[in-house]
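Chemist: Okay, here's what each chain looks like letter by letter:
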Amino acid sequence: MSLSASDWKIVGFTLWTAIVAVLCDLIPAIALAWMLARKSWRGKVIVETLASLPLVMPPVATGLILLEILGRRGLIGSWLYRLGIEVAFTWRAVVAAMAVMSFPFILHSGRVAFEAVDGRLEQVASTLGSSPFRIAFTITLPLAARGIAAGAVLAFTRALGEFGATILVAGNIPGRTTTISTSTYSKIMLGKDSEAYTMILISVLLAFSMTFISNIIVRHRTP
Amino acid sequence: MELRGVEVSLGQFHLHADVTFSDGITGLFGASGAGKTTLLEVIAGLRKPDKGQLTSSGQILFDTRRKIFVPARRRTIGYVPQDLALFPHLNVLSNIRYGEKNASTSFSRASFDTICEILEIRKNLYQYPRSLSGGEKQRVAFARALMAGPSFLLLDEPLRGLEHELKEKVLSFLLHIKHEFAIPMLYVTHSPSEVMALCKEVILLDRGRLTGRGKPSDYFLQTDAPVYLLRRDPKS
Numbered sequence: 001m002s003l004s005a006s007d008w009k010i011v012g013f014t015l016w017t018a019i020v021a022v023l024c025d026l027i028p029a030i031a032l033a034w035m036l037a038r039k040s041w042r043g044k045v046i047v048e049t050l051a052s053l054p055l056v057m058p059p060v061a062t063g064l065i066l067l068e069i070l071g072r073r074g075l076i077g078s079w080l081y082r083l084g085i086e087v088a089f090t091w092r093a094v095v096a097a098m099a100v101m102s103f104p105f106i107l108h109s110g111r112v113a114f115e116a117v118d119g120r121l122e123q124v125a126s127t128l129g130s131s132p133f134r135i136a137f138t139i140t141l142p143l144a145a146r147g148i149a150a151g152a153v154l155a156f157t158r159a160l161g162e163f164g165a166t167i168l169v170a171g172n173i174p175g176r177t178t179t180i181s182t183s184t185y186s187k188i189m190l191g192k193d194s195e196a197y198t199m200i201l202i203s204v205l206l207a208f209s210m211t212f213i214s215n216i217i218v219r220h221r222t223p
Numbered sequence: 224m225e226l227r228g229v230e231v232s233l234g235q236f237h238l239h240a241d242v243t244f245s246d247g248i249t250g251l252f253g254a255s256g257a258g259k260t261t262l263l264e265v266i267a268g269l270r271k272p273d274k275g276q277l278t279s280s281g282q283i284l285f286d287t288r289r290k291i292f293v294p295a296r297r298r299t300i301g302y303v304p305q306d307l308a309l310f311p312h313l314n315v316l317s318n319i320r321y322g323e324k325n326a327s328t329s330f331s332r333a334s335f336d337t338i339c340e341i342l343e344i345r346k347n348l349y350q351y352p353r354s355l356s357g358g359e360k361q362r363v364a365f366a367r368a369l370m371a372g373p374s375f376l377l378l379d380e381p382l383r384g385l386e387h388e389l390k391e392k393v394l395s396f397l398l399h400i401k402h403e404f405a406i407p408m409l410y411v412t413h414s415p416s417e418v419m420a421l422c423k424e425v426i427l428l429d430r431g432r433l434t435g436r437g438k439p440s441d442y443f444l445q446t447d448a449p450v451y452l453l454r455r456d457p458k459s
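Heads up: the protein sequence lines correspond to chains A and B, in order.
Its first residue numbered 1, the first sequence is counted upward by one per residue in our numbering.
Its first residue numbered 224, the second sequence is counted upward by one per residue in our numbering.
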């Protein structure tokens, strides 16, 4: 049971695209999580529901919607294409699919983490002359950081295992868009069971270690 | 500090306050649910009143008719809540210096060294709140509020939950603060003995209404044993 050079490339590509996807998610997910936890605004429930849809919708459906949006004739894809940026069936589509599918993980962990921060601390900080911006960066975010980090690790794990949306919007183009999951699928289809099991083992090891790290982060206590 | 026609409604509970606070420590005495904390939150700028006006040293802090509401961060009113709300991720040093940058020049006397010395917290500076005793936490909360250079200090039952001996000690720290910094304070409590020990004046609050005002000795009887509430209004 060993990995070929091309398999190592696939593992590296999957890790790299998953990292980029989580980085793309971080700022909007944290901002939205804070808005959901701390503010009352019209349409809050609708936005929260929309942001959670990738968790409950079939990934293939999410992929098809992404293809409609990011394809050459899509809402955003056509505009990007005119700027010389092609998304569908490139590494960008892999990142987009991973980012959309993993977004709810950071959002929900972030929301719970922000809700767990005692609002009294923020109130007292304001009586000490702090602006809302300073309170966010010195009180709220540091106290919510552990929950957000745990969510980000879970999101990364989800991105690593992403299949349904990726295969629709990015395809399975060797050397360009193939990820661990799509490669595993190809190997099974081609009857290369041994190679497929090697990829599955890598998936299991990555998923286990990331979930383990996420649990460690959550359990770690304040000094 | 003057409140005029201040009204706050929280469901079935209604608070009405028309009162002026003078220098020194004023006790705000009342049973649980009387509205003491609500009144403090209104003064601190943490709760918007439905009606009324609050002025401090001639500056309007809120006036509902003129739609003025100065946010808490611009009021220079120190607030020590019941639960102290120490920042758990910061050590004592970072906690007490949190508001320092915002200290006004009028409080230049209250240097870091003086506050550490008076409150005896120098040995705790690198500890985190979790590892402090109840009395140490209280002193850190006082120090943090003082370091921001408040023009008025609100203390919400600061001795609640402390054992008798520790209460005595923290009371002596409060008296020290009073003498050293001469900051007007509003001291919320439902303990007559604390009022007798600290306050030059007491205001009684009952079910959202201010029902009396005077010297602590007008209301409480000091005996060898605990202090008793004599009457709700000395004029009655």
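Hint data in this document are derived by calculation from the structure and do not stem from the laboratory.
Heads up, a few of these hints could be off.
Calculated lysine-lysine pairs in the DSS-like style (CA-CA distance at most 27 angstroms, straight line) [what the hints assert, rightly or not]: (1) B:K360 x B:K392; (2) B:K290 x B:K346; (3) A:K187 x A:K9; (4) A:K44 x B:K271; (5) B:K401 x B:K346; (6) B:K392 x B:K423; (7) B:K360 x B:K346; (8) B:K274 x A:K39; (9) B:K438 x B:K423; (10) B:K274 x B:K290; (11) B:K423 x A:K39; (12) A:K39 x B:K360.
Residues from chain A that keep clear of chain B, each with C-beta distances beyond 10 angstroms, as calculated [to be verified]: (13) R42; (14) T49; (15) R82; (16) G129; (17) S130; (18) I139; (19) L143; (20) I173; (21) T198.
Here are a few chain A residues that face chain B, going by a calculated C-beta distance under 10 angstroms [as the list claims (entries may be wrong)]: (22) L15; (23) S52; (24) P58; (25) D118; (26) R120; (27) Q123; (28) V124; (29) T127; (30) R134; (31) I135; (32) A136; (33) T138; (34) A145; (35) I217; (36) H220.
Even glycine gets a Cβ: it sits at the ideal position worked out from N, Cα and C.
Chemist: Now tell me, hint by hint, if it's right for this structure.
Modeler: Evaluated hints:
1. About 13 angstroms separates the Cα atoms of B:K360 and B:K392, which keeps this hinted pair within 27 angstroms; it holds.
2. Annotation: proposed proximity of B:K290 to B:K346 is violated, straight-line Cα distance about 47 angstroms (limit 27 angstroms).
3. Distance hint between A:K187 and A:K9 is fulfilled; the C-alpha atoms sit about 15 angstroms from each other, no more than 27 angstroms.
4. With a C-alpha separation of about 24 angstroms, the suggested pair A:K44 and B:K271 falls inside the 27 angstroms cut-off, and the hint holds.
5. Of the pairs offered as hints, the one joining B:K401 and B:K346 holds, with about 23 angstroms between alpha carbons and a cut-off of 27 angstroms not exceeded.
6. Restraint check for B:K392 and B:K423: satisfied, since their Cα atoms lie roughly 19 angstroms apart, inside the 27 angstroms limit.
7. The hinted pair formed by B:K360 and B:K346 meets the criterion: a straight-line CA distance of about 13 angstroms does not exceed 27 angstroms.
8. Restraint check for B:K274 and A:K39: satisfied, since their Cα atoms lie roughly 24 angstroms apart, inside the 27 angstroms limit.
9. Between the alpha carbons of B:K438 and B:K423 the distance comes to roughly 6 angstroms, so the proposed pair stays at or under 27 angstroms and holds.
10. Distance check on the hinted pair: B:K274 and B:K290 sit about 10 angstroms apart at the alpha-carbon level, within 27 angstroms; holds.
11. About 42 angstroms separates the Cα atoms of B:K423 and A:K39, which puts this hinted pair outside 27 angstroms; it is violated.
12. Distance hint between A:K39 and B:K360 is unfulfilled; the C-alpha atoms sit about 31 angstroms from each other, more than 27 angstroms.
13. The Cβ of A:R42 sits about 20 angstroms from the closest Cβ of chain B, beyond the 10 angstroms cut-off, so the non-interface label holds.
14. Remark: the non-interface label on A:T49 is consistent with the geometry, its nearest Cβ contact in chain B lying 30 angstroms away (cut-off 10 angstroms).
15. Separation of A:R82 from chain B is adequate, the least Cβ-Cβ distance of about 46 angstroms exceeding the 10 angstroms criterion.
16. Separation of A:G129 from chain B is inadequate, the least Cβ-Cβ distance of about 3 angstroms not exceeding the 10 angstroms criterion.
17. A Cβ of chain B approaches the Cβ of A:S130 within 10 angstroms, the least distance being about 6 angstroms, so the stated non-interface status is violated.
18. The non-interface label for A:I139 is inconsistent with chain B: the shortest C-beta to C-beta separation is roughly 6 angstroms, within 10 angstroms.
19. Residue placement check: A:L143 does not keep its beta carbon more than 10 angstroms from all beta carbons of chain B (closest about 6 angstroms).
20. Every beta carbon of chain B lies more than 10 angstroms from that of A:I173, the smallest distance being close to 46 angstroms; the non-interface claim holds.
21. No Cβ of chain B approaches the Cβ of A:T198 within 10 angstroms, the least distance being about 43 angstroms, so the stated non-interface status holds.
22. Violation of the interface hint for A:L15 is found here, the shortest Cβ-Cβ separation to chain B being roughly 31 angstroms, above the 10 angstroms cut-off.
23. Interface restraint check for A:S52: the shortest CB-CB distance to chain B comes to about 29 angstroms, outside 10 angstroms, so the restraint is violated.
24. A least Cβ separation of about 41 angstroms between A:P58 and chain B goes past the 10 angstroms threshold, and the interface hint is therefore violated.
25. At a threshold of 10 angstroms, the smallest CB-CB gap from A:D118 to chain B is about 7 angstroms, leaving the interface hint in force.
26. A cut of 10 angstroms between beta carbons decides the hint on A:R120: the least distance to chain B is about 4 angstroms, and the hint holds.
27. Restraint check, A:Q123 versus chain B: the minimum CB separation of about 5 angstroms is within 10 angstroms; hint holds.
28. Taken as an interface hint, A:V124 checks out: its beta carbon lies about 4 angstroms from the nearest beta carbon of chain B, inside 10 angstroms.
29. Look at A:T127: its Cβ gets to within about 4 angstroms of chain B, closer than 10 angstroms, so that hint holds up.
30. The criterion of a C-beta within 10 angstroms of any C-beta in chain B is met by A:R134, whose closest approach is roughly 9 angstroms, and the hint holds.
31. Among the interface hints, the one on A:I135 holds; its C-beta lies about 9 angstroms from the nearest C-beta in chain B, closer than the 10 angstroms criterion.
32. With its C-beta approaching chain B no nearer than about 13 angstroms, A:A136 sits outside the 10 angstroms limit, and its interface hint is violated.
33. Hint status for A:T138: holds, given a least beta-carbon distance of 8 angstroms to chain B, under 10 angstroms.
34. Taking 10 angstroms as the C-beta contact cut-off toward chain B, the hint placing A:A145 at the interface holds, the least distance being around 9 angstroms.
35. Interface hint status for A:I217: violated, as the beta-carbon distance to the closest one in chain B is roughly 15 angstroms, over 10 angstroms.
36. The beta carbon of A:H220 is not positioned within 10 angstroms of any beta carbon in chain B (closest approach about 12 angstroms), and the interface hint is therefore violated.
Against the hints set out earlier in the document, violations occur for numbers 2, 11, 12, 16, 17, 18, 19, 22, 23, 24, 32, 35 and 36.
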